[in-house]
Amino acid sequence: MKTVLVTFAARPEEARALLAAARALADEPPLWWELTDDSCAEGYLAPLAGRAQAQGAEALLFPAGKAGLSAAAQLAARLGLPILTELTALTKDRAARAAYNANLTAWFALPARFVATVTVSAFAPAGGELPAAEAVGPQAEPWNELVERLPPAEDPLALAGAERVVACGKGAALKKNLPVYAELAQLLGAELGGTRPTAIDGDLPHSRLIGISGTLLHPKLCLALGASGAQAFAAGVQKSKLLIGVNNDPTAPLFRLCHAGVVADAAEFARALCDLLREQGNG
Amino acid sequence: MKRILACFKVTDDFDSLMPAEWENLGTGAPDTSYVKRLLGCFDEAALENALLFGDALRALGEEVELTALTLDPGYSDHIVKNLPAIGFARVVCLESGADLRFAPEETARLLSEFIKENGPYDAVFAGQQAPPYNSGLVPYFLAARLGLHCLANVRVLAPEGGGVTVLQEADGGGTLRRRAELPLLFVVGNAERSYLRVPTLREKLATKGFAPERRAAEAGAPALAPCALERESVERSCEMIEGGTAEEQARALYDAYLKEALS
Ligand SMILES: Cc1cc2nc3c(=O)[nH]c(=O)nc-3n(C[C@H](O)[C@H](O)[C@H](O)COP(=O)(O)OP(=O)(O)OC[C@H]3O[C@@H](n4cnc5c(N)ncnc54)[C@H](O)[C@@H]3O)c2cc1C
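Sequence order for the protein chains is X and B. Residues 1 to 283 (the working numbering) are what the first sequence spells out, left to right. Residues 1001 to 1263 (the working numbering) are what the second sequence spells out, left to right.
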């Protein structure tokens, strides 16, 4: 199968994950096209479609994410190819992704030619040599103008790489209690993250969202407070080596995921734990 | 006159299903007959941002017409009935009755047929993804079928000159500020305003007796349907930490787990 990795410049970790996916899919070494910038997918459609047709590409793999989805989906529509997104597993003839808010895994039989986006964190980066990258530049898109690019307010990978995480849900009542959880995170040497409601209510920035639409964590310790444990969030914390849940409802689904659980008011418990950690000299 | 259309999907509250519902499904759907029907969270933001865009255009003296469009909404009266009260002059429900759970191409085709027949629209809004597939593909296929340029990951938008300025979320958390000309399709992501406004009693009374337009739509087969749906879950035997007060619980958790984890 003639496979092509399509990545964005200056994001080397994505190429190695895509290479791992390509190796699961085909024995032949893939081609690698590197798009010079990730700000407007439409500019790349004509150059990519031309190359894909000229080279007889059978599988075009993009990194899942905002820019990857935009480019892959529009390219599939232009080429009239089937597309699968956010793949978490690949074999020579099947591919998997989450469905039903991560309650189920959907398996698909692979068609002869397709476009796909691959969940980078689901594939261990491949070792060995990467194919030579061919740089692909965009065509002008006069219908729009990029006025400015504002950098993220904080390190976007802080949560993804964290060894310890304090994860707050709606029940943590962050609006009232943010300083308590911030102190708890600091005393534990942890990053602070949250569920979708905490992000859409503006209590935490979107870069702090944990789950299928945010970051999938692999920390040593995760303390989840006031989260129900909905599967879309659970998918983001369930790979924690030690997962501890705090919820005032003993029947909360969160506890089914956890190694240890505490039935308590989240803020009250967080305050008590802060006192104890201070007393123990943590922080 | 500016014409705005927002696509939305009504889905089941999958978070409230009993765990047993996910077992042994083959490729079928779980029984969701007893859970709430909800607006997809990104579609809720798409509807609200279409309204906000309309408000901003009106403030500039433009006349605005807003349409809300959905496909196979199922039981959704509690959602649909409020849409005229908050400003949608037309609410259209396409009814295919088909299994379109994993059919973003067909979904986009059916939506695009209505839009082409009733268009042109200056601005089309769609949420970035919706359950159960969450493929994120419908807006892009829709833009391709309508021949519209699309702006994805939209957080905020505002009219500017004859066009629009948008803030888009980029990979890694940065923000792109972009200017573009209408017509456009906006894919609404983690929007700054993501809750749909609630109608006042007066607005509700003014649109009492409203019924959405229902139109038959004929769906074809999905391009790629799953060959299996497998249960995805981690079940652990959680050790519950005892204690009469939060202090006692914190101490017990520290001794049993945290001390070692922090060393
Ligand atoms: C397409 C899609 C993508 C999604 N992606 C994500 C995602 O990436 N991440 C994500 O998190 N969600 C995501 N969601 C939403 C997800 O389905 C849930 O709605 C969300 O995770 C629930 O957040 P929560 O646990 O904070 O709130 P709730 O479900 O409302 O739970 C609050 C919990 O707090 C407990 N509680 C209340 N008061 C207290 C108190 N005083 N002390 C202790 N506990 C208390 C309650 O018992 C309850 O269990 C997505 C949904 C969709 C449709």
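The hints are simulated quantities; they were obtained by calculation from the structure and are not laboratory data. Even for Gly, the Cβ is constructed at its ideal location relative to N, Cα and C. One or more hints might be untrue.
[Unchecked claim] Reference listing, derived: stretches of chain X covered by chain B, where coverage requires no fewer than 3 residues with Cβ under 8 Å from a Cβ of chain B:
no., stretch
1, 23-35
2, 275-281
[To be verified] Cross-link-like lysine-lysine pairs, in silico, DSS-like; alpha carbons within 30 Å at most:
no., chain 1, residue 1, chain 2, residue 2
3, X, Lys92, X, Lys2
4, B, Lys1259, X, Lys220
5, X, Lys175, B, Lys1036
Kindly indicate which numbered hints from before are broken by the structure, ordering the numbers from low to high. Number 1 only.
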